[in-house]
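Q: Single-letter residue listing:
2 protein chains.
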Amino acid sequence: MKKYEFLTNISLDDARQKMIDAVRAADIPVATEVVKVREANNCVTARAHYAVRSSPHYVASAMDGIAVLASKTVGATEGNPVRLTPDDYIVVDTGDPLPENTDAVVMIENVVEAEDGDVLLYSACVPWDNVRQVGEDICMGDMIVPSYTVMTPALIGAFMAAGVYEVEVVKRPVFGIIPTGDEIVDGDADLKPGDIPEFNSAIFSAMLSDWGADSIVYPVVKDKIDLLEAAVTKAADECDAVLTIAGSSAGRDDYTSTILTNLGELLVHGIAIKPGKPAVLGMIGKKPFCGMPGYPVSGIIVMEEIVKYVCALLTHREPERDETVKAQVSRKLTSSLKYEEFLRCRVAEVDGKNIAVPMPRGAGVVTGFAKAGGLFVVDQNSEGLEAGATVDVALQRDKVELENSLSITGSHDPLIDEAADLLIRQDERTYVVSSHVGSMGAIMALRAGETALGGIHLLDAESGEYNKAYVRQYFPNGGVTLIRCVIRQQGLMVKKGNPENIHSVKDLIGKRYVNRQKGAGTRILLDYLLEKEGMTPDDIYGYTREEYTHTAVAAAVADGGADAGMGIYSAAKTYGLDFVPLWDEEYDFLVRDSALETPEVQRFLAVLKSDEFAARLTEMGGYTLEAPGEVIPVDA
Amino acid sequence: MKKYEFLTNISLDDARQKMIDAVRAADIPVATEVVKVREANNCVTARAHYAVRSSPHYVASAMDGIAVLASKTVGATEGNPVRLTPDDYIVVDTGDPLPENTDAVVMIENVVEAEDGDVLLYSACVPWDNVRQVGEDICMGDMIVPSYTVMTPALIGAFMAAGVYEVEVVKRPVFGIIPTGDEIVDGDADLKPGDIPEFNSAIFSAMLSDWGADSIVYPVVKDKIDLLEAAVTKAADECDAVLTIAGSSAGRDDYTSTILTNLGELLVHGIAIKPGKPAVLGMIGKKPFCGMPGYPVSGIIVMEEIVKYVCALLTHREPERDETVKAQVSRKLTSSLKYEEFLRCRVAEVDGKNIAVPMPRGAGVVTGFAKAGGLFVVDQNSEGLEAGATVDVALQRDKVELENSLSITGSHDPLIDEAADLLIRQDERTYVVSSHVGSMGAIMALRAGETALGGIHLLDAESGEYNKAYVRQYFPNGGVTLIRCVIRQQGLMVKKGNPENIHSVKDLIGKRYVNRQKGAGTRILLDYLLEKEGMTPDDIYGYTREEYTHTAVAAAVADGGADAGMGIYSAAKTYGLDFVPLWDEEYDFLVRDSALETPEVQRFLAVLKSDEFAARLTEMGGYTLEAPGEVIPVDA
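First to last, the sequence lines map onto chains A and B.
Just so we're aligned: 428 in the working numbering is position 298 of the first sequence, and the numbers increase by one with no gaps anywhere.
Just so we're aligned: 630 in the working numbering is position 500 of the second sequence, and the numbers increase by one with no gaps anywhere.
Mixed in with the good hints there might be a few duds.
As the list claims (entries may be wrong) - Straight-line C-alpha distance at most 30 Å; calculated DSS-like pairs for lysine-lysine: (1) Lys529/A x Lys483/B; (2) Lys626/A x Lys598/A; (3) Lys166/B x Lys352/A; (4) Lys703/B x Lys625/B.
Said to hold, decoys possible - Among the chain A residues that face chain B by a calculated CB cut under 10 Å, a handful are: (5) Asp272; (6) Glu313; (7) Lys322; (8) Asn330; (9) Ile346; (10) Tyr348; (11) Asp383; (12) Val562.
Unchecked claim - Restraint-style ranges between C-beta atoms, simulated for each label pair: (13) Arg451/A x Asp714/B: 44 to 50 Å; (14) Val204/A x His633/B: 49 to 55 Å; (15) Asp143/B x Lys648/A: 49 to 55 Å.
Quick caveat, the hints were computed from the structure, so don't treat them as lab data.
We treat Cβ as the ideally placed atom computed from N, Cα and C, and that holds for glycine.
Throw the hints in and build the complete structure from the sequences for me.
A: Right, here's the structure in full:
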């Protein structure tokens, strides 16, 4: 075992500044190229550009009408029009050169035709009325734009108006990206256990492209220091900057910092952030180098917080900034004093407030990252945040999605995703922001005013009745409405062919079970069925092994790590598992009354009632629909 | 003369909604294509996509460390470590499959090596510590994204993690763009008077591209109804939507509305906006059609306010929105009740407030549009705005430019643009926002707190002294600091070879002069020189013809529309004019004391003192630098 070497733990601001200073100190020459203005949208000008022609380049009529000598119109009024003969005026269109011996244009709307081609004017004009002077827009020699200006559509027009058809722009820098690691395989390959599909390079390339840089993705390099060193040398030779992926920490096969020390200058190894700590920063000659952590979320954070700024220096752009909004954190969070922590969250508008629901922290959960509506930071000098604390959330998606968001927090069912898809396909879009926190989580979130609605399937053991009893208990003063959704089949998911012969909860004894998290309706159902059979949780091996969704339970069974788990039919079907039906339950939605009349909730209810929704559920199987979208009275 | 037909004057909201409703009613099928996920950044998903593999796809170590059975670590404490033999643990790296008969991973940092390969653990672990379950990120069958979702770098990672390497996306719609008009010529050509270079198609193409659409630009079509009808028919055939440029009004050669009536359905002809009124909207079968006004600024407004929404429907994206800020309008504005007016403005932060300075309203000034930092609207039911009124300014450039803006309002000199270029090229960028309102305009803006600094060259006729007297008069209580800039040569600009033999202001009698606007220091200098010669403005033909910059005056002389105008040497040089030096004047900057210590002003002063600035001015000619950037005491 290689001895563990502790990384440095310098602050993000210091790490970023070190890198910025190093890039500036390298005084990298600006590579430029000349491109056609028509094709230069979003390019960055490399120098000031000046008009080579005035616009307009001649004195022109600014209107359709007649060109006149203003002095001939003096005295015209409503009651006393001036009559002009055909010798006194010339018909002009917008953009026509102003004819000789005229100095004003009367708009055609104000010209009244009389006999013999004469016209009557009911008001006088003054010289240069409706006339565009030479250079009204821009004069030859005027600066159109300074250096380092991002070309926009309007600027393209300005350049062409000013007679400039080519523009010298900053060449897009090229980043060399080198994925590394013995276990890394090309993502398309058939994966064996231990294989890690390579996709960070695709994420980083796309980010760089958004920031105005190109990239070359090199083949995956194994964890051998000589191979790695050769690959980095080649990339530093061929590109303007180099990123390696993985191997940036201090483990057995982490050679990045050693290689950088050998080839260039190591500036930072370890930043006080989470995720993203094990980053390696430095320079190889005039080429910035970043050793990126292998976990995708860590990598994305280091890209955003470090590489983006390096890229801005090379592209001569301002680093992009996310739009931010204020939001209330939905739950208490603890955070270490050892680092600045970046937290992903779902963010939705509920009762006019923005609520940020922190998402799982795993550095590997790129899907979670992709689905996150926002990102917020817990400072290094903070031990955490209280529930309800206000944070600045950097939006990861368009703000319009937040403004038209519908928060659904509670029990997981894939029907929520299907409804979300139907909602986004409507003329007036609704963006569903869903969190899977179980049925009891739905009730807590609704009580706290943190969600507009939530899915629940809560069995009252005494009455055998679904949902209503819980509503009466947790909302004694009302404030919520129960909306019928579906009856769905719950059952045991077991391997194809049911090799362990599991047909009831009694058969779970001696088998490896995988359970759902506390508060999940499916777990409450298991508890109910165990009690009915006179069993206790201790009878079930794996009762404490918790997953958060039906599909996660199905995946654990399909993987062979468990023999059975409880879930809905469609999850078993997706995984090719056998399904032992145990119970038909009512899965309904609980809606805050304050949200019930919002367009978003009304659209959601309309979707529940739609034929398309019914068709999708039929396709998935295991559901019965009886008047979905209707209100269920809960009074005892 | 064709009779003028009044256009309709429906509100922008109604016009937009009519068009949106028509496009929705056409129920245009969604064209899709399958692209590689790696190349799908910024594409829009055409349907929901689901994971085909769980991520991770096996139970994995989440850390570098040793895999153990958690039960074997029970009881380990700081004072009483547990010793494991090599049989009890297996060294694992991050991402390794969890070995058989282990259920937890201890981080390498917490493993203490002992003799014979044994290790000591000083704390116990629980099952699944540092273990990633199958599907921790996403499970097979889970929806990755719904329909109509813009692909992001993180989503690219999510797709690949979920085993999906191709994505069905909405095909980029193609807009056919047809420039029209007898006077329109390809922009690259040598221009004769009356020729209008075609560049609107380039502006519109770039805008469409930013909004996710492609375009085909067709050759310019002359103003002949049969040619136009054939061109529109062809474009409607080949593309998903059609834009014509110009001919959309009701003048002699405006056939667009007739053509649309012939080929499809005319929905709107004339919108109550300025600029942008003469737009023609409708459908040709399932193809949206917009007849765009010919003036570039009008066209850009109609693109932003109408075509963007049509494009959003075809691309299945949300229409882009500009970021907005609150700002105070610098001067009183009147606006007609006949239309909603879109005003371009320069916007800068002064003393912590955002100030919006309205720019000239001409519909043809595309350069002005391109340089505008913002856009705001005066409602149709408003007759105008008072100075100081708060407006919502839609930012046309990155907000960071506003935050690092330096407002320079006052006398025009190209040296301001050169300084602006040097300021943007520095490590810490400053964005100069300049308005040319003359020296007296500078003084008024400084008094009103609307600018940080302004250029002035104001001659006191009595003392013959520059600037100081005005500062004492207009700022009796101080509050501003005068900063030395340059001594510059003013003179008469006349045609090459001086054919009119103009050598002094006396020689202007009987000649065609072009003057500067009221309040301009150059005009004040003329008045001073006239008075010295015992002349009056009435002696000068063209005294009332006003231009706003030195180059605009030079352009008028070069064009032949005037025989002489006063200005600085560099303007005459740019236009190849002869220059008759008359006066050396002090051009200085007046800075609000409240802004003097801001980084932006300090950087500006540093630029004035720099060798690069001096070199550029030497190159331009006509300037003498004596301690630029130094404070000039103004006490009498």
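Q: Taking 30 Å as the top limit, are the C-alpha atoms of Lys166/B and Lys352/A close enough?
A: Judged against 30 Å, a Cα distance of about 26 Å means the pair holds.
Q: Is the shortest C-beta separation between Asp272/A and chain B less than 10 Å?
A: holds, 5 Å
Q: Holds or violated: the 49 to 55 Å window for the beta-carbon distance between Val204/A and His633/B?
A: Hint violated: Cβ distance 36 Å, outside 49 to 55 Å.
Q: Going by Cβ atoms only, is Ile346/A closer than 10 Å to chain B?
A: Given a least distance of 13 Å, the restraint on Ile346/A is violated.
Q: Is 44 to 50 Å right for how far apart the beta carbons of Arg451/A and Asp714/B are?
A: Taking Cβ atoms as reference, Arg451/A and Asp714/B lie about 47 Å apart, which means the hint holds.
Q: Against chain B, is Tyr348/A within 10 Å by beta-carbon distance?
A: violated, 15 Å
Q: Given the hint of 49 to 55 Å, check if Asp143/B and Lys648/A actually sit that far apart at their C-beta atoms.
A: holds, 51 Å
Q: Taking only the CA atoms, is the gap from Lys626/A to Lys598/A under or equal to 30 Å?
A: Distance ~36 Å between Lys626/A and Lys598/A Cα, so the pair is violated.
Q: Taking the least C-beta to C-beta distance, is Glu313/A closer than 10 Å to chain B?
A: Holds - the Cβ of Glu313/A comes within 10 Å of chain B, reaching about 5 Å at its closest.
Q: Less than 10 Å between beta-carbons is the criterion; does Asp383/A satisfy it with respect to chain B?
A: holds, 7 Å
Q: Hey, Lys529/A versus Lys483/B, does the alpha-carbon distance stay inside 30 Å?
A: The hint holds at about 25 Å.
Q: A closest beta-carbon separation below 10 Å is what the hint needs, so does Asn330/A meet it against chain B?
A: Hint holds; Asn330/A Cβ to chain B Cβ min 7 Å, cut 10 Å.
Going through the hint list in order, the structure does not satisfy hints 2, 9, 10 and 14.
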